[in-house]
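Listed below are the residues making up each chain.
2 protein chains.
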Amino acid sequence: MPKVEFLFDFGSPNAYLSHLVVPTIEKRFALRVDYVPILLGGVFKLTNNRSPAETNAGIKNKPQYLRLETERFLRKHMIKTFKWNPFFPVNTLTVMRGAIAAQQIGIFERYVDAIFHHMWAEPKKLDDPDVLRTAMTASGLPVNGLLELLQTPAIKEALMAQTQRAVDRGTFGVPTFFVEGAIFFGKDGLRDVEEEIDRVREKGIGSDGA
Amino acid sequence: MPKVEFLFDFGSPNAYLSHLVVPTIEKRFALRVDYVPILLGGVFKLTNNRSPAETNAGIKNKPQYLRLETERFLRKHMIKTFKWNPFFPVNTLTVMRGAIAAQQIGIFERYVDAIFHHMWAEPKKLDDPDVLRTAMTASGLPVNGLLELLQTPAIKEALMAQTQRAVDRGTFGVPTFFVEGAIFFGKDGLRDVEEEIDRVREKGIGSDGA
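In the order they appear, the protein sequences are chains W and Z.
Position in the first sequence (from 1) plus 15 gives the number in my numbering.
Position in the second sequence (from 1) plus 15 gives the number in my numbering.
If you are wondering where the hints come from, they were derived from the structure by calculation, not from laboratory data.
Misleading hints may appear alongside valid ones.
Since copy identity is lost for identical chains, a pair holds within one copy or between any two.
In silico DSS-like cross-links for lysine-lysine, where the CA-CA straight-line distance does not exceed 27 Å [claimed, not checked]: (1) Lys42 - Lys75; (2) Lys95 - Lys218; (3) Lys218 - Lys91; (4) Lys171 - Lys218; (5) Lys18 - Lys91; (6) Lys60 - Lys91; (7) Lys91 - Lys42.
Assemble the whole structure, with the sequences as input and the hints as a guide.
So this is what it looks like as structure tokens:
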């Protein structure tokens, strides 16, 4: 089975929507997708890229089209649990560090589900420390342990290193997927990811020769 | 059969690549795709949008990813006749007016094939009048007739009206497709176009309720 990676930041609605579809892919191919937390703000600084919300502001028709694409994606995957976060853009530095901390103490999956939920299903201002604390408590996460651990230099450095490595591999935004060495961008890249897994399984090599 | 439209400008490489795939869709569904010439520069002015070449300049990794996507598209559709135009961006005002003129004198298909060929298969500086004249002659097009007709006010106005109408319907770039009222953008939108034709044939109504 090829190695499949999903690079994400909780602040991206398209990363959340991809997260909801990943289980279907895992089931279909009987594999596990590796979640890789990265800091989107860091990616933007390192690549000189900006968010679609910024670059599409003031352009006629394009934002409407992107909304339409999202509606089509929701319909196609029968997603009922998506609500635009009224506090967007939410600063995700703390929650992304938290993801690394959660990995270290073995509660990564629960943490990822919970934070995505509080960002895009029942959206909250998660860059407000009190709001974050309440949300974590509601989801049964070990709040004090996490908040203490995520402030340690090792965690901070790990997130930055992972972000730098993602950029070194060709990342310029999220969601980004890797199937072995082949990179795919965006929630619509999920279709290509499935095709690529099929190809790699059949031929034992990535389509880009990776 | 649903009405399927393909809005294009010869200056867009992704419009050319879509043009090469349209026959497969026409064959698969036994329908004709209506080609609608519009002026991309006009769309950009009307929507405040800019070309990817401009907006992605200076961004790390993203232009490389877009090139990779093009390579994957060429591989997937086994396209051998694509060469980046070294004179890009080529001003397409004359050749787009020519498309309207070609429609009026009943040589639209031949004209479209020829101009796309001279832009992206054996690329030339088609905004140079001498180069354009030579290319048209080589393709057996009625050069004098076309060049005279395309300068008439009726043709100029028809192109602008078609461009304005495209923007009124939600267009912000090319290639853009409509399946009945549903809009799809980009060469990768072709997959959605096929799914949408399937849906409309089965249910008799567009997925967006169009």
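(request) Hints the structure violates: just list their numbers, smallest first. (result) Checked against the structure, the hints that fail are numbers 1, 4, 6, while the rest are satisfied.
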